[in-house]
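S.K.: Protein chains in written order, with this note's numbering: chain B, 1 to 262; chain W, 1 to 262; chain D, 1 to 262; chain Y, 1 to 262.
One should not assume that every hint holds.
Label-pair restraints from in silico Cβ distances [as the list claims (entries may be wrong)]: (1) D:Ser59 with Y:Ile209: 51 to 61 Å; (2) Y:Asp212 with B:Met159: 34 to 44 Å; (3) D:Thr229 with Y:Glu141: 53 to 63 Å; (4) Y:Lys29 with D:Lys80: 34 to 44 Å; (5) D:Ser59 with B:Lys29: 27 to 37 Å.
What the hints contain is simulated information worked out from the structure, not anything from laboratory work.
Cβ atoms here follow ideal geometry from the backbone N, Cα and C, with glycine treated the same way.
Number of protein chains: 4
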Amino acid sequence: MANYLVDLNADLGEGFGAYVVGTDEELMKHVTSVNVACGFHAGDFMVMARTVKLAKKWSVAVGAHPGLPDLQGFGRREMKVTPEEVKSMVMYQVGALQAFLKDAGMHMQHVKPHGALYNMAARDLALAAAVAEAVKSVAPEAVLVGLANSELVNAARSMGLMAANEVFADRAYNPDGSLVPRHIPGAVITDPEQVVERVFRMVYHHEVIAVDGSKVFIDPDTVCLHGDTAEAVALVAALRNGLTREGVTLAPIKTVLASKGL
Amino acid sequence: MANYLVDLNADLGEGFGAYVVGTDEELMKHVTSVNVACGFHAGDFMVMARTVKLAKKWSVAVGAHPGLPDLQGFGRREMKVTPEEVKSMVMYQVGALQAFLKDAGMHMQHVKPHGALYNMAARDLALAAAVAEAVKSVAPEAVLVGLANSELVNAARSMGLMAANEVFADRAYNPDGSLVPRHIPGAVITDPEQVVERVFRMVYHHEVIAVDGSKVFIDPDTVCLHGDTAEAVALVAALRNGLTREGVTLAPIKTVLASKGL
Amino acid sequence: MANYLVDLNADLGEGFGAYVVGTDEELMKHVTSVNVACGFHAGDFMVMARTVKLAKKWSVAVGAHPGLPDLQGFGRREMKVTPEEVKSMVMYQVGALQAFLKDAGMHMQHVKPHGALYNMAARDLALAAAVAEAVKSVAPEAVLVGLANSELVNAARSMGLMAANEVFADRAYNPDGSLVPRHIPGAVITDPEQVVERVFRMVYHHEVIAVDGSKVFIDPDTVCLHGDTAEAVALVAALRNGLTREGVTLAPIKTVLASKGL
Amino acid sequence: MANYLVDLNADLGEGFGAYVVGTDEELMKHVTSVNVACGFHAGDFMVMARTVKLAKKWSVAVGAHPGLPDLQGFGRREMKVTPEEVKSMVMYQVGALQAFLKDAGMHMQHVKPHGALYNMAARDLALAAAVAEAVKSVAPEAVLVGLANSELVNAARSMGLMAANEVFADRAYNPDGSLVPRHIPGAVITDPEQVVERVFRMVYHHEVIAVDGSKVFIDPDTVCLHGDTAEAVALVAALRNGLTREGVTLAPIKTVLASKGL
Chain B
1 MANYLVDLNA
11 DLGEGFGAYV
21 VGTDEELMKH
31 VTSVNVACGF
41 HAGDFMVMAR
51 TVKLAKKWSV
61 AVGAHPGLPD
71 LQGFGRREMK
81 VTPEEVKSMV
91 MYQVGALQAF
101 LKDAGMHMQH
111 VKPHGALYNM
121 AARDLALAAA
131 VAEAVKSVAP
141 EAVLVGLANS
151 ELVNAARSMG
161 LMAANEVFAD
171 RAYNPDGSLV
181 PRHIPGAVIT
191 DPEQVVERVF
201 RMVYHHEVIA
211 VDGSKVFIDP
221 DTVCLHGDTA
231 EAVALVAALR
241 NGLTREGVTL
251 APIKTVLASK
261 GL
Chain W
1 MANYLVDLNA
11 DLGEGFGAYV
21 VGTDEELMKH
31 VTSVNVACGF
41 HAGDFMVMAR
51 TVKLAKKWSV
61 AVGAHPGLPD
71 LQGFGRREMK
81 VTPEEVKSMV
91 MYQVGALQAF
101 LKDAGMHMQH
111 VKPHGALYNM
121 AARDLALAAA
131 VAEAVKSVAP
141 EAVLVGLANS
151 ELVNAARSMG
161 LMAANEVFAD
171 RAYNPDGSLV
181 PRHIPGAVIT
191 DPEQVVERVF
201 RMVYHHEVIA
211 VDGSKVFIDP
221 DTVCLHGDTA
231 EAVALVAALR
241 NGLTREGVTL
251 APIKTVLASK
261 GL
Chain D
1 MANYLVDLNA
11 DLGEGFGAYV
21 VGTDEELMKH
31 VTSVNVACGF
41 HAGDFMVMAR
51 TVKLAKKWSV
61 AVGAHPGLPD
71 LQGFGRREMK
81 VTPEEVKSMV
91 MYQVGALQAF
101 LKDAGMHMQH
111 VKPHGALYNM
121 AARDLALAAA
131 VAEAVKSVAP
141 EAVLVGLANS
151 ELVNAARSMG
161 LMAANEVFAD
171 RAYNPDGSLV
181 PRHIPGAVIT
191 DPEQVVERVF
201 RMVYHHEVIA
211 VDGSKVFIDP
221 DTVCLHGDTA
231 EAVALVAALR
241 NGLTREGVTL
251 APIKTVLASK
261 GL
Chain Y
1 MANYLVDLNA
11 DLGEGFGAYV
21 VGTDEELMKH
31 VTSVNVACGF
41 HAGDFMVMAR
51 TVKLAKKWSV
61 AVGAHPGLPD
71 LQGFGRREMK
81 VTPEEVKSMV
91 MYQVGALQAF
101 LKDAGMHMQH
111 VKPHGALYNM
121 AARDLALAAA
131 VAEAVKSVAP
141 EAVLVGLANS
151 ELVNAARSMG
161 LMAANEVFAD
171 RAYNPDGSLV
181 PRHIPGAVIT
191 DPEQVVERVF
201 RMVYHHEVIA
211 VDGSKVFIDP
221 DTVCLHGDTA
231 EAVALVAALR
241 NGLTREGVTL
251 APIKTVLASK
261 GL
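Whenever a hint applies, use it, and build me the whole structure from the sequences.
M.R.: Listed below in structure tokens is the structure:
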């Protein structure tokens, strides 16, 4: 039964100064882990302090969500950065979030790169290794979360770090296991029933049906949900209820990995 | 003899991206502690990584040098910030530097606010308390360095933190113990002999002659030197030699405090 | 009848990157002038391009809304800046917005400083003069908008610039003509009827009842409305309708000034 | 004889806040045009104000030097930006510099993209067109300067803008006319005699010897020199003297283009 545990995670703390994004507290009622922006692509020291306090209140596990130094682009624009730059930018952001966790008497459960950094580290081994080195050095007890079956997960495991395979509840997959880019029609799945069915199939049967109808092997440790709209929160709640009803236990990433002996 | 120990500190790691400031490595040969910029008023994740490695190479004790979020103003422009903002901005920056120290297998010896934050925390009790709370929460083993006899030192000690009184080797003092502002003629002392004599008097006799000729009580734990010019490095070397010749032992801040039973 | 013209203005284009603020297009249907953020306290080059295009579509007059270089603080935190810095930061931002207006075949109607810069220029003559010099140099045909009866309006007029007295529709006034700070109870007036009545009294009778019941002389050229919430848009619409019903003509700032022979 | 005119240009105003780069005033004594950073990859409103005043003092023609929004990377890291983003970021920066030129009673002679933006616009037609559209819209009288024979020069000319072919005095060329990347040995030529000889050959004979010994056609309108070191200033002076001695007339870009009937 160990395989029937899975984590639900969401990106939070993505405001900046006067800018507010999403409904962080609503989301926290439904997910088991949250990824907190660290001031580069979003978030600032005030937002981080508030977000960590909320996470404590709702007892959700916290991870760092480091991104490229590009607030205007929300960390979604790829930049030519070296492995050395990546290692240092991840260390900086992870360290900054650790301060707020320490202040709240909490631990950092995981680290998950954001946006373009996530995508670059999924396919580029040198950048993946740089992220993993940063985590190993600064938060060796943390789980490194990456795209399922990606270079990032490989790099983390080969370095002896805990790593988690992440899947996306509402995104279509290519036959090679990569995500269909957002601008392509059908890339985002909005029907709650379909979302629940897809995640359930991933968790129980370790497969997802790609856009060409082929089956792709996938064994999710954690499921990512987007929570920046009211509809999104409803979808998160629907997924939580749907999975629970089907006998899937929701638990933080570390518990999921432990249940699998990872 | 405990009083005849003193620390020499300098601000380092103040570059940013392609911008290089000062001659960090030269300075490290002469001082016992360095204050490393943390990315807000100066420094970035690449500069911090390099600076910490240099500090390890030269075996100097490292402290965080958090500043206001104002790169253009180099953290020297006062901003109206709340105690809550100050606490969080210091936690963020201290945490970020801790990551690089952890990577290098080093500890954070001290925290010293920079520029306008330093001045504001010297005279405003609420901001001083905010800085001290941040340090207590995130780096409780670190020494908080503030202007000698200032609110910052008071706040730190009343909270049970180690605190160090800082003096300025090359700056004139007002009768109330504050520094004469830089733009006033005579505010900066450039003659090496005079600098050595003044510091010696502070260390041995616990006094400094203010601009009006009056004597101000001052008991320095650490002496700040500026190192952003070639002349400055020469001055640092002169001070080091002059103090050593007069029987003053130079040692990192924590050693100085320990020798005083603080 | 010349006195019975007034302009309604609102701050717009205050998003940044992925961050969206307010309902700019809704507001544009109701106001006669808009103040566009220029990238320092809010806004960026993409937001500015979009906002100027919208203003063209809805035929509202556009002004620059330069602020302090403090995105995190939304330009609301006072900073110690010199008149020289203020002159240059205003020139920079005004010039940047002029580019987008030129691209759209439009002219810059006015310049109105934002937030802390607005408040500092209202009471500090040297900073007021610096703002006015910047406008005179870069946009001499533009109207400089400042707090009614403030140093900024004085500085602009003494330099031969057109200047407009701004009042706040939903804010309580002190007996000296300054605004009651937001954190004080009663500082913000939310009842639409009361807002209409107050503005009507200002426009027709050149007075506002201060918090102590005294009458303050005020002759508004332009009325500022905040539009960052749905309620705010409703209030703007209510004010527009109320004033029109009472025989007040709404017109852009330059038309209002021309009607007064200013 | 028209071909024997050429412009010498240098990048200036690349400081930021307390950071100083290069010896701007020394360089201005030797070049005929300067490219002024506009606050994105370098420069800020204070640096721009100072640099424009210096350019006026030394009577050098001024151009805008817009870059990617990446101060830490000095605009040298490629970022995935859309043509729409490029158009708006160039408009913003050109407009900002125009303000300082207006204040100084000067005109903008040219626009030359910086660093990664320059390289991207040299090879990507859509980005090249975006830069050209921005210039056409905001500074239609300005010359657009691009890598000789690049897409940027093509895009500008096809849009009816004046365009200038730029060559690099101290850089080795590939057989296809592109620059040998800096990290490859021999990419940078430091011997003054060789630099003068190469530029002279370009100006008189319209050719450069590529790294493989082949001849590449090149007809320079302007020659770029780097001036961020003391040696660089000496090289600029040597080139100026060498070219003058050989009968080449140095003149601002617009004069050079006019002499060629462009």
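S.K.: Now, for every hint given, state plainly whether the structure supports it.
M.R.: Verification of the supplied hints:
1. Our hint of 51 to 61 Å for D:Ser59 and Y:Ile209 holds, since their Cβ atoms are close to 60 Å apart.
2. For Y:Asp212 paired with B:Met159, a C-beta distance near 43 Å keeps the hint of 34 to 44 Å intact.
3. Against the hinted window of 53 to 63 Å, the Cβ-Cβ separation of D:Thr229 and Y:Glu141 comes to about 44 Å, which falls outside the hint.
4. Against the hinted window of 34 to 44 Å, the Cβ-Cβ separation of Y:Lys29 and D:Lys80 comes to about 36 Å, which satisfies the hint.
5. Taken as a hint, the range 27 to 37 Å is violated for the pair D:Ser59 and B:Lys29, whose Cβ atoms sit roughly 46 Å apart.
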